[in-house]
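As a plain string of letters, each chain reads:
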Amino acid sequence: MSPNPSARASVSVYTSFLIAILLAVMPLPLWAEPFRPDWVGLVLIYWCMAAPERVGVGTGWAAGLILDLLYGSLLGLHALGKALVAFLAIKLHLKLRMFPRWQQAVAVMALLLLNQLLVVWIRGMLGKAPAGISYWTPSVVGMVIWPWLFVILRDVRRRFKVA
Amino acid sequence: MINVYGWTLRAPTVVTRLVLATAVSVTLMVADHKGHHLERIRGALTVVVAPLQWLASVPAAIGAGTLGFFTDKRTLEQTNARLREEQALLHARLQQFESLEQENTRLRQMLGSATRVAERALAAELIEISQEPFTRKILIAKGEDSGAYLGQPVIDAHGIMGQVTQLYTSQSRVTLITDPGHAVPVLVNRNGLRALVFGTGNPDLLSVPYLTAAADIREGDLLVSSGMGGTFPAGYPVATVTKIVDDRNEAFLVVTARPVAKLNHSKQVLLVWPGAGTTKAAGAK
Chain A
61 MSPNPSARAS
71 VSVYTSFLIA
81 ILLAVMPLPL
91 WAEPFRPDWV
101 GLVLIYWCMA
111 APERVGVGTG
121 WAAGLILDLL
131 YGSLLGLHAL
141 GKALVAFLAI
151 KLHLKLRMFP
161 RWQQAVAVMA
171 LLLLNQLLVV
181 WIRGMLGKAP
191 AGISYWTPSV
201 VGMVIWPWLF
211 VILRDVRRRF
221 KVA
Chain B
82 MINVYGWTLR
92 APTVVTRLVL
102 ATAVSVTLMV
112 ADHKGHHLER
122 IRGALTVVVA
132 PLQWLASVPA
142 AIGAGTLGFF
152 TDKRTLEQTN
162 ARLREEQALL
172 HARLQQFESL
182 EQENTRLRQM
192 LGSATRVAER
202 ALAAELIEIS
212 QEPFTRKILI
222 AKGEDSGAYL
232 GQPVIDAHGI
242 MGQVTQLYTS
252 QSRVTLITDP
262 GHAVPVLVNR
272 NGLRALVFGT
282 GNPDLLSVPY
292 LTAAADIREG
302 DLLVSSGMGG
312 TFPAGYPVAT
322 VTKIVDDRNE
332 AFLVVTARPV
342 AKLNHSKQVL
352 LVWPGAGTTK
362 AAGAK
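Protein sequence lines correspond, in order, to chains A and B.
Each residue of the first sequence is one higher than the one before, starting from 61 at the first, in the working numbering.
Each residue of the second sequence is one higher than the one before, starting from 82 at the first, in the working numbering.
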C-alpha cells in the first residue's frame with residue numbers, strides 16, 4: 061500500500077466499493093435472492109454522507125455502470141439510479157450525520173426505495189416491470205443491516221483517515 | 082476555481098453533476114434499447130469487468146467443489162445406476178422416435194403437406210446466471226464465432242429455455258422465458274388453442290393472459306411452441322398449466338403455468354438453428 065495517506069484513503073474507499081460490487085453479483089440460491097440488500101447503494105450512501113468531498117454523483121454513476129455491465133441490464137439503468145442516490149445522500153449528508161442511528165436507517169431505506177422505484181419505472185416503460193412484493197424486500201433488508209454496516213465502514217474510515 | 086485565459090472555471094456543483102449523469106444515462110439507455118449500436122462497446126467493456134464476474138463466482142465454485150469432493154461412494158453409485166436406467170429408457174424411446182419420425186414423414190408426404198425441417202443444434206456451457214434482481218438471464222459459452230445470432234432459441238433436454246438477446250464474440254446472454262420482459266407464442270397441445278406465455282420474474286411461474294372463460298384450457302395441459310413469430314421452432318414443450326382461476330369480475334382467466342425446461346438446473350443448454358438441415362456443418366453461419 062502506498063505510504064501517501066490520501067492515496068491510502070482512496071484505496072480503502074475503492075476497495076469497499078469493489079467488495080460491495082462482488083457481493084452484489086455473487087451467485088446466491090434462489091430463495092435468498094430477495095434478501096440480498098443493495099450493497100453498492102448502502103456503501104455509496106455511507107461514503108456520500110461521511111466523505112462528500114471524495115465520493116459523489118460521479119462515483120455512484122460509475123459503480124452503477126459496472127453493475128449494468130455485470131448484470132447485462134440496460135446500459136445506464138443502474139448508473140442513473142446510483143447517481144440519484146448519491147445526489148440525495150450528498151444533499152442530505154449534514155442531516156443524515158445528525159440523525160440517531162435508527163432514523164438514519166429509515167432514511168437510508170427511503171433512498172434505496174427511491175432508487176428501486178426509478179429502476180422499476182424505467183423497466184415498466186419498456187414493458188419489463190417485475191411483479192410482486194418481494195421486489196421491494198432488498199431495501200428493507202438494507203435498513204436492517206445499515207447500523208452494522210455503518211459501524212464497519214466508520215472503523216474503515218477512522219483507520220485509513222478518510223475525510 | 083481555476084483561471085484559464087480570463088475564464089473562471091468552477092468545479093461543477095452537485096446539481097450539475099446529477100444533470101450530467103442523467104443526460105449520459107438516458108442517452109446510453111436509449112441507444113441501448115433502440116438498436117444494437119452499443120453491442121460492440123458493451124462487449125469490450127464486459128471483457129474488462131469479466132475478472133469481477135469470475136471473482137464473484139469463486140466462493141460458490143469452491144462450495145460446489147468441496148461438496149462434490151465429499152460426495153460419498155454410495156451416492157455416486159446410486160446416481161450412476163439411475164443414469165444407466167434413464168439412458169436405457171431414453172434409448173428405447175429414441176428407437177421408437179426414429180421409426181415414428183419416418184412414419185410421420187411418409188404420412189406428411191401422402192398428405193402433400195410440407196415436411197418439418199430438421200433443426201441443427203449446438204451444446205453450450207452455462208457460465209453464469211445473472212444476479213440482477215428479478216430478471217432471468219443466463220450467460221452461455223457460445224457466441225458470434227459459433228454462429229449464434231440475436232433471437233436464437235435456446236432449449237434444454239426438456240423444453241424451451243429462452244432466446245439469445247445479447248451477443249458477444251464467444252459468449253451470449255440468454256433471456257429466459259421466465260423473465261418479465263419475455264413472451265412465447267404457444268398452442269395447447271391437446272386442442273391447438275393459441276395463447277401467449279409471459280414470464281413473471283418468478284423462477285418457476287409463467288402467466289398465460291388474454292384467455293376468456295370460454296377458452297378450452299385445463300390444469301395439466303401441455304403448452305408447446307406454435308412457431309408463430311418465427312423466433313421459436315414449432316412443437317417444443319414450453320410449460321404445463323398449473324392453476325386456472327376464473328374470477329367473474331375479470332375479463333380474462335388468470336392462468337399460471339410452470340416451465341417444462343429445467344431452467345434452474347441445466348448446466349448444458351442447446352442453441353438451435355431452426356430450419357437448418359442436420360447435414361450442414363456445425364459452426365457455419
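Worth flagging that the hints you see were computed from the coordinates, not collected in a lab.
Glycine is no exception: its CB is placed at the ideal position from the N, C-alpha and C atoms.
Be aware that one or more of the hints could be misleading.
Each pair of labels, with its calculated beta carbon distance range [unchecked claim]:
#1 B:A141 with A:R219: 45 to 51 Å
#2 B:R155 with A:G184: 48 to 54 Å
#3 A:D215 with B:G310: 53 to 59 Å
#4 B:T108 with A:G184: 15 to 21 Å
#5 B:H114 with A:W162: 26 to 32 Å
#6 A:S194 with B:G301: 33 to 39 Å
#7 A:A111 with B:L203: 48 to 54 Å
#8 B:N272 with A:W208: 54 to 60 Å
#9 B:W135 with A:A67: 25 to 31 Å
#10 A:S194 with B:K324: 15 to 21 Å
#11 A:L186 with B:R155: 36 to 42 Å
From the structure, some residues in chain B lie toward chain A, with a derived Cβ separation under 8 Å [said to hold, decoys possible]:
#12 L248
#13 S251
#14 K324
#15 D328
#16 N330
Tested hints:
1. For the pair B:A141 and A:R219, the supplied restraint of 45 to 51 Å is violated, since their beta-carbon distance comes to about 30 Å.
2. Taking 48 to 54 Å as the suggested C-beta distance range, the pair B:R155 and A:G184 conforms, at roughly 51 Å.
3. About 56 Å separates the C-beta atoms of A:D215 and B:G310, a value consistent with the hinted range of 53 to 59 Å.
4. Remark: the range hint 15 to 21 Å for B:T108 to A:G184 is upheld by a beta-carbon distance near 20 Å.
5. A hinted range of 26 to 32 Å for the beta carbons of B:H114 and A:W162 is inconsistent with their spacing of about 40 Å.
6. Evaluation of the 33 to 39 Å hint for A:S194 and B:G301 yields a failure: the beta carbon distance comes to about 27 Å.
7. Taking the beta carbon of each, A:A111 and B:L203 are about 51 Å apart, inside 48 to 54 Å as hinted.
8. At roughly 57 Å, the beta-carbon separation of B:N272 and A:W208 lies within the given 54 to 60 Å, and the hint holds.
9. Against the hinted window of 25 to 31 Å, the Cβ-Cβ separation of B:W135 and A:A67 comes to about 27 Å, which satisfies the hint.
10. Distance hint for A:S194 and B:K324: a CB-CB separation of about 19 Å, consistent with the stated range 15 to 21 Å.
11. At roughly 51 Å, the beta-carbon separation of A:L186 and B:R155 lies outside the given 36 to 42 Å, and the hint is violated.
12. A least Cβ separation of about 11 Å between B:L248 and chain A goes past the 8 Å threshold, and the interface hint is therefore violated.
13. Annotation: B:S251 was flagged as interfacial toward chain A, and the flag is violated, the nearest CB pair being 15 Å apart, outside 8 Å.
14. The interface hint given for B:K324 is violated, since its Cβ lies 16 Å from the closest Cβ of chain A, which is over the 8 Å cut-off.
15. With a cut of 8 Å, the hint placing B:D328 at the interface with chain A is violated, because the nearest CB-to-CB distance is about 17 Å.
16. The beta carbon of B:N330 comes no nearer than 20 Å to any beta carbon in chain A, farther than 8 Å, and the hint placing it at the interface is violated.
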